[in-house]
Structures are given as structure tokens and as C-alpha cells.
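Could you build all of it, start to finish, from the sequences and the hints given here?
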Amino acid sequence: MRTQKNQPFDVVIIGGGIAGLSLALRLPETVRVALLTKGKAGESNTRYAQGGIAVALGEDDTPELHLQDTLAAGAGLCDEAAVRTLVEQGPAAVRWLIQMGVQFDKAQPGDLHVTADGLLLGREGAHCRWRVLHAGGDATGAEIERALLVALHERTSIVVYEETYVSELLMQAGICTGIRALDRAGNSFTLSSRFTVLASGGAGGLWLHTSNPGGATSDGIALAWRAGAALTDLEFMQFHPTVMAIQGASHLISEAVRGEGAYLRNHAGERFMLRYSQQAELAPRDVVARAILKEMVIEEVAHQYLDLRHLPAQKMHARFPTISTICSHYGLDLAQDLIPVAPAAHYCMGGVMVDTVGRTTVPGLYAVGEVACTGVHGANRLASNSLLEGLVFGIQAACHLVEQLKAGTCLPAPEAYSLRDSAQMIEYEEDIPASGEEALSISQIRQALRQTMWRSVSLSRDAEGLTAALQQVRSLKASLPEQRSREEQETANMLQVAELVIVAALTRWESRGSHWRSDFPTTDERLKQRHFAFQRRLSGSSDQENRESASLLIR
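For reference, each letter of the sequence shown is one residue, going 1 to 555 in the numbering used here.
Each computed SDA-like pair below joins lysine to any residue, with the alpha-carbon atoms no more than 25 Å apart:
| id | residue 1 | residue 2 |
| --- | --- | --- |
| 1 | K406 | A173 |
| 2 | K106 | S324 |
| 3 | K106 | W130 |
| 4 | K40 | E487 |
| 5 | K294 | S456 |
| 6 | K106 | R47 |
| 7 | K106 | H317 |
| 8 | K406 | S157 |
| 9 | K315 | L112 |
| 10 | K40 | H209 |
| 11 | K40 | Q103 |
| 12 | K40 | E154 |
| 13 | K315 | V114 |
Simulated from the structure, these hints should not be mistaken for lab results.
See below:
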């Protein structure tokens with residue numbers, strides 16, 4: 001890949017998944033773009049997305065129906081304007097993907113659910129229509145990543161930095177002016193830019209069990225926090241209901257498998273989802289995940305089962321070739337055996353607070369994809385809306401940046417969420433214990449963090465567990481060394497974001513969507529459309545000049 005260091009760019013993009021790639025490719029070739037990836041180009045959450053991309057292309061479907069399904073899944077916290085942008089811009093955005101060379105699955109003779117131009121439509125949980133496009137059966141993300149990378153290699157205006165870790169956002173007079181990064185050899189360098197875009201994915205790596213690849217260590221969220229950007233909805237982490245529960249495996253079993261008719265069974269052989277929702281296996285993910293957890297607790301077991309034995313075996317192997325191969329690797333036949341599954345951390349609904357063109361509360365800084373929070377997912381993301389979100393809002397940001405570049409100025413960030421007019425502000429100051437704790441290695445700190453988050457900040461939460469988790473995370477923060485390597489900086493990011501997630505979870509005294517408090521098991525209608533946002537502040541007093549504090553803003 002092409003690399004040029006210490007030069008000015010118009011736009012610097014951190015991340016190479018669907019959001020970052022779509023944004024980069026929609027910018028004109030006259031725009032000087034740098035795109036930085038933490039690993040090799042192509043290594044991202046997008047690549048591992050087995051499920052499809054939801055879009056209203058069926059003859060019996062409309063964007064309005066897609067909107068209603070998204071709002072229902074979001075449990076009263078979706079920003080309807082953002083959702084409307086998503087579903088109305090979705091069809092054109094997907095057509096652009098096809099123009100870029102993405103090969104979605106075509107319908108075969110006898111298939112009932114197809115688009116007007118012959119694309120096969122699938123159905124997943126909480127969708128009222130068959131509206132999910134797939135590629136390679138269960139390799140949609142990999143196919144999208146492949147096609148966009150081919151296009152990226154053909155663009156001479158885009159400079160790509162692989163295996164590059166961004167350690168800092170550069171700030172001048174309150175404006176983001178570029179980045180500081182470490183190359184693969186550990187050498188530090190800077191890039192200046194008129195606009196910087198976070199497209200770095202989520203934070204699944206904070207939990208012991210996750211469907212995310214190893215790079216999902218919340219770096220983008222932490223970078224935005226240190227730069228002073230507002231973060232919101234951090235208490236909402238989606239736990240995918242069906243991740244393979246075999247020692248050493250963390251493979252997601254796509255929701256599309258249940259869309260094709262697979263059942264969930266407990267160890268007694270009962271199809272239990274009918275007791276939890278009229279939608280059974282196709283209920284929203286938070287409902288299915290909690291049902292599986294409850295059945296696990298009742299039976300005192302570590303997993304439940306996904307059952308495809310009643311479905312045509314040949315069709316299932318053909319429909320889900322990647323999952324079939326994974327099962328075979330562990331000695332299982334997808335169509336003939338019960339597949340052990342359990343919930344695992346999967347997707348951040350919260351993140352860096354942005355508007356529908358990606359603007360954060362910091363001038364010059366944008367965010368798109370999972371690292372961002374437009375409010376489009378609310379308290380629980382609808383299945384197969386994540387790829388669509390990265391695509392649509394990546395394109396939205398690109399169009400806006402073109403206009404900003406033409407204007408020739410960095411306009412102040414908008415008060416997109418009326419932060420100054422918040423109904424209530426609660427001051428929260430980090431209380432970092434003095435150093436001197438027992439020395440721990442980085443791997444020990446990470447393992448302790450992930451165990452703590454899984455034990456106390458996952459599917460079932462309460463004040464006692466959250467408070468203990470907060471103290472544990474603060475203690476782990478105190479054990480980090482001052483001089484930090486890349487691995488140590490990543491760990492610091494994980495600890496910082498984990499602390500904010502815990503405080504957000506403590507603050508929401510209700511159960512809603514993916515956030516379930518056993519000590520507040522009901523939904524409080526007074527908190528409908530109420531979001532909690534954090535923003536880092538530096539104290540202006542002379543005796544506390546460098547003291548960090550955070551404002552918890554309720555909107």
C-alpha cells in the first residue's frame with residue numbers, strides 16, 4: 001500500500017470497514033485522503049459480518065415499514081430523523097454498492113422473496129418483511145469489503161497506512177487538526193488534516209465473550225473522549241444471542257439461520273422462545289439473548305442449542321457455507337447436530353455523539369459507523385442495520401465534507417443534541433487511585449477487565465455489581481505504567497471506555513432494550529427519548545489546571 005508521512009491532507013479517515021471505505025470512495029479524486037487501518041487493509045468488523053444488509057427493495061416493502069421495525073426494536077430511544085435518513089437513503093446506497101462490484105446473492109427458481117431485479121431477500125429477527133440482502137450466503141461483509149478494497153486500490157488520491165495505530169487526535173484552539181500515530185515499527189509520526197473522521201468500529205473487546213475480532217478495543221471512542229467530544233448511549237451494548245459456545249470458539253451464528261426457520265432449544269429439548277415472545281426466535285436480539293440467559297440460569301448450564309434438524313440439510317449447507325465450515329471444524333454438522341450457542345458482546349449502540357452527517361461536538365472531527373452514535377439504533381439495534389448504517393452515514397459524511405471543503409473553512413460543530421440546554425447536568429470526576437497496586441502485566445489487566453465486564457456489565461446488571469466493577473476498573477487503571485507502548489495505550493483506552501460504560505449503566509435506573517437492571521426490571525416511561533451524554537472537561541482553576549472531569553448531560 002502507498003504511504004507518505006508528515007504531509008497535509010484534506011481528510012484523514014481512521015478505519016477501513018464499510019463506513020470508512022464508503023466515505024473515502026465517495027470523496028472526489030481532487031480531495032487528498034489518508035486512510036489508516038489498525039491491521040492489514042480488510043481486517044475489520046465488516047469483514048466478519050455474516051448477516052446481510054437490510055434495505056427496503058422488496059415489492060411488498062417500503063422505507064416506512066423499515067422505519068417502523070427499527071423504531072420498535074430501538075425501545076423508545078431511536079432518533080426518528082436519523083432512522084428516516086437511514087431507511088430512505090438505503091436503497092440508493094445499496095445500488096451504489098452494486099455499481100462498485102458487490103455481488104449479492106441472486107434468487108433461484110422457486111425462491112419466493114426476491115427484488116424486481118432478481119436479488120434474493122432474507123428475513124431476520126424483528127423485521128416484518130423479507131428485506132435482507134446477503135452475499136455468499138453468510139459472507140456479506142467479506143464480499144462488501146472485497147469490492148470496496150478493489151476500488152480503493154484504483155484510487156491514486158487515497159493514501160493508505162496499514163498496521164498503523166492512531167494514538168492521539170491533534171487539537172489546536174479547540175479544533176481537531178490531524179492525528180498522531182505509530183507505524184508498524186513503533187515510530188511516531190503526525191498527519192495534519194482539515195477534517196478527521198473516526199470510523200474505527202466498536203468495543204466488543206471489553207467483554208470476555210465477544211463476536212468481535214481482536215482489534216475492537218474502543219480506540220476511536222477513547223480518542224474522541226480525550227479530544228473533548230461528547231459520547232452518548234454507552235450503556236447500550238448489544239449481546240448477540242447465538243455465538244458458538246465451544247471452548248476456544250467465538251464464531252457468530254448469523255441471525256439469518258433463525259430467519260430460515262432454526263429453533264432454539266434448551267437442554268430438555270424444549271423450544272423455549274415461544275414462552276418469551278410471540279415472535280419466538282425472530283424476536284428482537286435483546287429479548288432472545290435474555291431468554292437464552294434465563295434458560296441457562298434455570299438449567300445451570302453454559303449454553304443452549306440452535307436446532308436446524310427439521311430443515312432441508314442440503315439447502316442449509318448451501319445457504320450458510322461459512323457457518324457450515326466452522327461447525328465442521330469443531331466436529332459438528334450444521335444440519336444434523338444441535339449447535340451449542342450463548343450470548344456474547346456484539347455491537348455498541350452508543351458511541352461518539354454525531355448528527356446525520358457525522359459531525360461530533362468538536363469542530364473538525366467526524367465519526368461514522370459503529371464508533372458513532374446517531375441515535376439510529378436506540379436501545380437495541382435491529383438485525384442487519386449495522387452495515388446499512390456504516391454505508392449510508394459514510395456517504396452522508398462524504399457529501400457534507402465536500403461542501404465543507406468547498407467553503408474553505410472549518411465551521412463550528414452544531415449543538416446537535418442541545419447540550420447547552422440540557423435539562424440536568426451531573427458532574428462526574430474520575431477518581432483514579434494512587435499507584436502502588438500489585439504489579440500486573442498488560443495481559444493480566446486485560447483479562448481482569450474482560451472478566452469484570454462480563455460478570456457485572458453484561459446481560460444482567462445491578463447497582464452492587466456495577467459499583468464493584470467501577471472500583472475494579474479504577475484499580476486496574478492505577479496499575480498502568482506512565483510510559484505506554486501501543487499495547488498499553490490500547491489497554492488504557494479499554495479501561496477508560498469501560499469506566500464510562502459502567503457509569504452510564506449506573507445512571508440509567510431502568511431496564512430498556514439491551515440494558516437490563518435486575519434491581520430496576522421495568523421500563524420507566526419518563527426516560528423514553530432520554531439519553532445520557534458524557535463530555536470531558538478540563539478544569540479552569542489554576543490549582544487544578546490539568547485535572548480531568550466529565551459532565552454527564554441528560555437530554
